[in-house]
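Fit chain B to the known structure of chain A by using the hints.
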Amino acid sequence: MQARADEDPPGSDERPQKGDLLVFSEGEQEGKLITAANLPAGGPPVHAWPKDPKTSVVRSASRLNEILVIRLDPAELDEQTKARAVDGIVAYSAICTHAGCPVTAWVKSDAGDKEVFKCMCHNSEYDPRAGAQVVFGPAPRRLAALPLALADGSLSIAGNFIGKVGGAQPG
Amino acid sequence: MTDVRVVPASREAIRRGADDKNSKQEFERMKKGTSMTRKQWLLSGFVAFTCLVSTAAGAGPIENYSPVTAQRLENPEPGNWMLYRRTYDGQGYSPLDQINTSNVKNLTPVWTFATGVVEGHEAPPIVNNGVMFVATPMGQVIALNAKTGDEYWRYKRQLPDDLFQLHPTSRGVGLWDDKLYLATTDDHVVALDAKTGKVVWDTKVQDYKKGQYMTLMPLIVDGKVIVGGSGGEFGVRGYVAAYDAKDGKELWRTYTIPGEGEPGHDTWQGDDWKNGGGSAWMTGNYDKDTKTIYWGVGNAAPWPGEMHPGDNLYTSSVLALDPSNGKIKTYHQYHQNDSWDWDEVEAPMLIDLQRDGRSIKSLVHPGRDAIFWVLERTPTKINYVAGWPFVSNDVWKGIDESGKPIVDPAHKPVIGKRVEFCPSLWGGKDWPSAAYSQKTGLVYVPANENFCGGFTGEKIPLKPGELWLGTKPEDIGLKAKPGADHFGEVQAWDPATGKKVWQHNFPKSQMFGSVTATAGDLIFAGGTNDRNFRAFNAKTGELLWEQKTNSGIMGMPMSYEIDGTQYVAIQSGWGVDAQRIQDALATNNIGIESNVPQGGVIWVFALKK
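Chains as they are written, first to last, in this note's numbering: chain A, 1 to 171; chain B, 172 to 780.
To be clear, the hints were calculated from the coordinates, so they are not data collected in a lab. Treat the hints with care, since some could be wrong.
Unchecked claim - Pair by pair, the computed Cβ-Cβ distance ranges are: (1) A/K32 to B/N554: 42 to 50 Å; (2) A/E76 to B/K719: 39 to 47 Å; (3) B/E629 to A/D87: 29 to 37 Å; (4) B/P635 to A/A36: 31 to 39 Å; (5) B/G669 to A/D113: 48 to 56 Å; (6) A/K108 to B/I577: 37 to 45 Å; (7) A/K32 to B/E717: 31 to 39 Å; (8) B/I631 to A/K108: 43 to 51 Å; (9) B/H436 to A/K108: 30 to 38 Å; (10) B/H436 to A/P74: 54 to 62 Å; (11) A/D78 to B/I577: 54 to 62 Å; (12) A/K18 to B/E629: 33 to 41 Å; (13) A/A36 to B/P653: 45 to 53 Å.
We treat Cβ as the ideally placed atom computed from N, Cα and C, and that holds for glycine.
Pulled out of the complex, with its shape left as it was, chain A reads as follows:
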């Protein structure tokens, strides 16, 4: 962490903050701003980094900052999730709460008919419509949620992570 911090710009390993924008963390559009139009209705999710609009620093120095952004049918969201969403768009930490792997898949659940976030390391599944609650697998708790807002047509982060980011540690 220290060695990298020397090379990385200040703020790049800080957790996402209110007012941060979202940029693609992978693919051809890596580094570009994510707008509502980039998100296909009903998934799959887009992988994102938070970006400080004041300094233009992308907070990519810690993998604990990787975010899943997905656009769902607003009618499917539970109350709490709806309150954190913008037009059905919700965001969560991409770090599985079991062993800290990246949650990469958007597949039909092993435990139901709906598509869910799935961690391919140990098969934990999360339902993004219901605050990313665990629907299958060994994960002990939900993915941390990230409330969103719209700022000049772009998605922005409306507050800190709700819940703990990262895997379980021994007690």
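Okay, now just chain B, sitting in the frame of chain A:
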């Protein structure tokens, strides 16, 4: 055998409570014999209080610890288990015979101990003259009185927040002199003081942020701590490395994939070798007579062989190494251009065989590639002797005279097309260890039958620290063959004749735990999703005893002796790949119990008195 004494509990209580005023007061009260109400007890918050109530618990440093020497590792006392498979030959055989086929029905738990963590508990409890050391997932080591189950100390590694553990486990601590050695999932080797659990040295091996990690029990040879790296799913270049047991200085490092100019490099094309896999994530065995280490090497990366044309030395091989400098003496590659994730990381067992009318110093390896391998080791070479499939497969059409399996291209994964193959990615037998009984002359194999797998190869760019399989992880399949009447098996083979002597089938479960043999003609094994720990008759395969435990068992049974009593110990704690297969079975809806509870417990058994 118990030459272990502990400091009096009260001294430990003073030490622990020294900076806590309330604790001190309570301690004084206890000394004076002042009685406390239950409410006071609950309110006290005094961590060491329980130590006072129970005079034996949490007693702290170990006195009169027996230092571990080269002589003791080469010829371990019958009552001890100080190496991964007890002896350097890797046989997994205990010479203790107090517990035997006629009395094993009276086997009963004498103590248990909760480890406090979930996930796969894979390590054998290690016992040195009455002291037990248990490694668990999450970088924890627990030191216990092996007779009473009372804790001496506990080490908990503080793993980094951003670490992700594809295989959250540990397979044990190595012993040398008065220290223990733990290889961690954040890729350090840590030396602990055996008496106190305090860190003596801590050496970074590679960078966990690049997907480099370790789960194996270090092999200790003549004061060297020898480890191998995991990360075959992250595009690493595998290695075996040795550290000075005294101070943690790196002594040598041998890559399992030859670099430019080294012999075998020409079995790779272009830059494929740089990320070609060949991780070496299991403990090696050691021939003390020729001073040769035999170390198993994992799959080539990424999975489809089309992405790394060539034989790909030394992936899916066994390496013969000189422990003094790490030089490769010779090798044998089990199969070429691996495309199935078939690691051959379990080191072959060193067995003296009479075969075809002659004595053979053999290497025996029931492979993940579904072939039961018998090889001959000489000081300079490894010769192919025999090989035969021990579970059904559709990948090999045969084995040629030199020992190379002949592949059926229809079942070899490629890019852009889904290919199915049997057995599955987890093979005929994964890393859980086989055993050899010197009494029966048989090899016991924890095998899986009737599973097939498949995936569609895909060119995916490598990102350091991220999964790099050459396919989408969600595309990986595990299928049960239609009409299969069982999955897991324990098999007994005569390596001299190639004949199967017996087989026990598990109709509703995979088999994913190591087996251990004893001189009482018993085979101990867990490995099934019904949480049972079992004892079989080593000669006939008859199931003689079973005990339901807290969780599924994917660890290694071991046996030890204290004061004339033989004990059998196992960790029960399901997770990692036993759980992955379980999820696939549950999804296939073949009527198996889908929920195997997690959470580790150490179980110790002895005969009912």
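For each hint, the structure was consulted:
no. : hint                         : in the structure
1   : A/K32 to B/N554: 42 to 50 Å  : 59 Å, violated
2   : A/E76 to B/K719: 39 to 47 Å  : 42 Å, holds
3   : B/E629 to A/D87: 29 to 37 Å  : 33 Å, holds
4   : B/P635 to A/A36: 31 to 39 Å  : 32 Å, holds
5   : B/G669 to A/D113: 48 to 56 Å : 50 Å, holds
6   : A/K108 to B/I577: 37 to 45 Å : 39 Å, holds
7   : A/K32 to B/E717: 31 to 39 Å  : 60 Å, violated
8   : B/I631 to A/K108: 43 to 51 Å : 22 Å, violated
9   : B/H436 to A/K108: 30 to 38 Å : 45 Å, violated
10  : B/H436 to A/P74: 54 to 62 Å  : 58 Å, holds
11  : A/D78 to B/I577: 54 to 62 Å  : 57 Å, holds
12  : A/K18 to B/E629: 33 to 41 Å  : 39 Å, holds
13  : A/A36 to B/P653: 45 to 53 Å  : 47 Å, holds
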